[in-house]
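Enquirer: Use the sequences and the hints to build the structure in full.
My numbering applies: residue 117 is where the sequence shown begins, and numbers increase by one.
Treat the hints loosely; a few may be bogus.
What the hints assert, rightly or not - Simulated pairs of lysine to any residue, SDA-like, Cα-Cα distance not exceeding 20 Å:
#1 Lys187 <-> His199
#2 Lys344 <-> Pro332
#3 Lys344 <-> Asn282
#4 Lys230 <-> Leu455
#5 Lys319 <-> Asp239
#6 Lys319 <-> Pro369
#7 Lys183 <-> Arg158
#8 Lys255 <-> His199
To be verified - Here are the simulated distance ranges between beta carbons:
#9 Glu148 <-> Leu373: 30 to 40 Å
#10 Val488 <-> Leu421: 43 to 53 Å
#11 Leu376 <-> Ala301: 21 to 31 Å
#12 Glu148 <-> Thr492: 23 to 33 Å
#13 Thr433 <-> Ala461: 44 to 54 Å
#14 Leu373 <-> Arg236: 44 to 54 Å
#15 Leu470 <-> Glu495: 18 to 28 Å
#16 Val488 <-> Ser175: 25 to 35 Å
#17 Glu179 <-> Leu489: 40 to 50 Å
#18 Val190 <-> Leu487: 36 to 46 Å
Treat the hints as calculated values from the structure; they're not laboratory data.
The beta carbon of each residue, even a glycine, is placed where N, CA and C say it ideally should be.
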Amino acid sequence: MCSSTRAGNPGGSGTEQPMVSVVIPTYRGGRELLQLVESVLRDSYPCKEVVVAIDDPLSEVLEALNKLGCKLLVSNSRRGKVHAVNEALGMASGEILVFLDDDVVVEDRDFLRKIVEAMRSYDVADVKKVIRGRSLLAKLVYIEYVAVNFASMLMARLAGYAVAFNGAAFAIKRKALEDLGGFPATLTEDFDLGLKCFLHRLKYTFIDTTYVLNYPPASWREWYRQRKRWAVGVSDWLRRNHRILLKAVVEMPHVLLPGLVLLLPSLVTFTMTLILYNLSRFKVAALLLIGLSSLMSQLLPIATLVTLNIQLVYMLTAIPLFITMLVFTAWHIAAARRLSMRSEAYLYPVYLFLYQVLWLVILLAGLMRVLVLKRTDVEDWVV
Numbered sequence: 117m118c119s120s121t122r123a124g125n126p127g128g129s130g131t132e133q134p135m136v137s138v139v140i141p142t143y144r145g146g147r148e149l150l151q152l153v154e155s156v157l158r159d160s161y162p163c164k165e166v167v168v169a170i171d172d173p174l175s176e177v178l179e180a181l182n183k184l185g186c187k188l189l190v191s192n193s194r195r196g197k198v199h200a201v202n203e204a205l206g207m208a209s210g211e212i213l214v215f216l217d218d219d220v221v222v223e224d225r226d227f228l229r230k231i232v233e234a235m236r237s238y239d240v241a242d243v244k245k246v247i248r249g250r251s252l253l254a255k256l257v258y259i260e261y262v263a264v265n266f267a268s269m270l271m272a273r274l275a276g277y278a279v280a281f282n283g284a285a286f287a288i289k290r291k292a293l294e295d296l297g298g299f300p301a302t303l304t305e306d307f308d309l310g311l312k313c314f315l316h317r318l319k320y321t322f323i324d325t326t327y328v329l330n331y332p333p334a335s336w337r338e339w340y341r342q343r344k345r346w347a348v349g350v351s352d353w354l355r356r357n358h359r360i361l362l363k364a365v366v367e368m369p370h371v372l373l374p375g376l377v378l379l380l381p382s383l384v385t386f387t388m389t390l391i392l393y394n395l396s397r398f399k400v401a402a403l404l405l406i407g408l409s410s411l412m413s414q415l416l417p418i419a420t421l422v423t424l425n426i427q428l429v430y431m432l433t434a435i436p437l438f439i440t441m442l443v444f445t446a447w448h449i450a451a452a453r454r455l456s457m458r459s460e461a462y463l464y465p466v467y468l469f470l471y472q473v474l475w476l477v478i479l480l481a482g483l484m485r486v487l488v489l490k491r492t493d494v495e496d497w498v499v
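Expert: Below you can see the structure in the form of structure tokens.
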């Protein structure tokens, strides 16, 4: 027997199983959406429904969705993700709401049952995300998502609250979401919802007994466009909520500071580089001595000694960076093992010194755009 908030029984009793509404917002739709809906409908959990909020749908996708028998909320114009999911809440009847991006893949036939079991004592839950693909970009994003998952697990295990979570796959009790007033209309609706959960002290857990598969961007160009949007969104989120976040850091430094470092290790290497490699005066002195040595041969030994010293200093200062890389690589291996994910340790130097640096630069540029230029607009995106 299924219990439903729409039936006036928010808690359920006895052998009743809570109704689960799987809400999937999408723009136009496509093959990935149809495969996702089919996999959720095949899930072994009996008390479920699928609600698809689709903007400007392709006719063939709309026809296929009607045949599948899911609930449809159709808009012929582009409402945007936030408006779509908030409107879908009026159509959903479940006690537990599971929100999925339209491009994730659900392989586990017991996906919903495991979510229901994990949610018994919690209000909101993040679901483990695993990147699919074997390209270099996919592997680098995979390493990043090991950190994302581990940071989410840290918040759940050490604090029991979340200040943010990845909205590609998560679950929340219906009553909790209604008490929060639904999704906030921002670029980072998942981050803002997570922060509202923290302010209302909603109990949070991380579900690693099941997972969804995510596809990385198809190219570096797409990755760059995605990260530019994320950078502006995160920067705006930081600008609007910095006082709350500072209080959260004071309250949970043992969770948020390690989480930040794990998510953005380039902060460590970038800071170390600024501190360790301030050798401009020595370089100028070496060049000056080399130039003067062409006029006064007596200066050649001194010029040679200064040049050798500069090279020695670079070698010595490279050691801390090398040790830092080893520490982060070891952490990646341990985190992947804890999360039952594969390790891509051999690529971690590329991830740390290339991928992460690119992402840090994009983030800093986004921060400047928001704080200095006061611009939060992004191309090809509707809230």
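Enquirer: Taking the hints in turn, state whether each one holds.
Expert: Here is what the structure says about each hint:
no., hint, in the structure
1, Lys187 <-> His199, "holds, 17 Å"
2, Lys344 <-> Pro332, "holds, 15 Å"
3, Lys344 <-> Asn282, "holds, 17 Å"
4, Lys230 <-> Leu455, "holds, 16 Å"
5, Lys319 <-> Asp239, "holds, 5 Å"
6, Lys319 <-> Pro369, "holds, 18 Å"
7, Lys183 <-> Arg158, "holds, 14 Å"
8, Lys255 <-> His199, "violated, 33 Å"
9, Glu148 <-> Leu373: 30 to 40 Å, "holds, 37 Å"
10, Val488 <-> Leu421: 43 to 53 Å, "holds, 45 Å"
11, Leu376 <-> Ala301: 21 to 31 Å, "holds, 26 Å"
12, Glu148 <-> Thr492: 23 to 33 Å, "holds, 29 Å"
13, Thr433 <-> Ala461: 44 to 54 Å, "violated, 24 Å"
14, Leu373 <-> Arg236: 44 to 54 Å, "violated, 31 Å"
15, Leu470 <-> Glu495: 18 to 28 Å, "holds, 25 Å"
16, Val488 <-> Ser175: 25 to 35 Å, "violated, 45 Å"
17, Glu179 <-> Leu489: 40 to 50 Å, "holds, 45 Å"
18, Val190 <-> Leu487: 36 to 46 Å, "holds, 39 Å"
Violated hints for the displayed structure, listed by number in ascending order: 8, 13, 14, 16.
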